[in-house]
Amino acid sequence: EAQVTQNPRYLITVTGKKLTVTCSQNMNHEYMSWYRQDPGLGLRQIYYSMNVEVTDKGDVPEGYKVSRKEKRNFPLILESPSPNQTSLYFCASGVGGGGADTQYFGPGTRLTVL
Amino acid sequence: AQKITQTQPGMFVQEKEAVTLDCTYDTSDQSYGLFWYKQPSSGEMIFLIYQGSYDEQNATEGRYSLNFQKARKSANLVISASQLGDSAMYFCAMREGRDFNKFYFGSGTKLNVKP
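Chains as they are written, first to last, in the working numbering: chain A, 1 to 114; chain B, 1001 to 1115.
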C-alpha cells in the first residue's frame, strides 16, 4: 500500500530534550516536506527536500532541522524543543515539479512540549 | 501579505444543498497551482482538486468543482449535494511558479453539514 508513515504519532516531551520525528514514504517520491498545523493558522511549511541531500527552508524553519540521506526518509529534528513548538506535524511526499502533482500526507504527529 | 486567504472560519450547510467555500490568493507569478484539501476530524489530509493557472476550464472532480476567477485571484471550492461525510475542515493551498515545491496554505474553513 502506497503511504507516508510518521513516528511517533503522539509525543509529550519537556523543553530542551532533543527529539526526532521520523517520516518514510514507499512511493519513490523525490519531493518530501514537513508542515506544522496550528489553530487559525492552517499549515505552514517548515522544510522541504527535492531529492537526497537537497533540502530548503519553508516559511517557519527556525528551531528545526532536517536531513535527507535516503530517498524514502525525511526526519524532522528538534534540537532543543520549546513550548511554542507544540503543534500537529505533517510529513508529505510527492513526485515534485509543477503541474497537478499533489502531495500525499502522513497521518500526523501531535507534539506537546512542556 | 497573506498568500492564501480563507475568510470563512466556519460554515453550515443543509444536507443535499450546494455550498461554496471561499479562497483568494496573492501571487505575482504567471505560473501557479491551486489545491483544495479536506481534513476530517480524524486528522488526515485528503487531496480534493487541483487548478493550474493556465487551465482555461474550471476543474471538476465528482461533486467538487473549483470556481477559478483569475482576474479576481479567487479559487472557490463548490461542493454540490452536500453529504454528512463532508463535515470537515477544508484548506486551500497554492504552489507558486518560482519554486514549485513551496506550498502555502490558508487558515481553513470548518464545514458542518446538517441533516
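No lab work stands behind these hints, which were simulated from the structure alone.
For glycine and all other residues, C-beta sits at the position ideal for the given N, C-alpha and C.
Don't take every hint at face value.
Covered stretches of chain A (in silico footprint by chain B; criterion: 3 or more residues with CB under 8 Å from a CB of chain B, positions within the stretch not fixed) [claimed, not checked]: (1) 43-50; (2) 68-81; (3) 102-113.
Going through the hints against the structure:
Interface restraint, the segment 43-50 of chain A with chain B: holds (5 residues with C-beta to C-beta distance below 8 Å; minimum three). Closer than 8 Å: that is the beta-carbon criterion, and the segment 68-81 of chain A has 0 residues meeting it against chain B, so the requirement of 3 is violated. Counting residues of the segment 102-113 of chain A whose beta-carbon sits less than 8 Å from any beta-carbon of chain B gives 6, enough to reach three: the coverage restraint holds.
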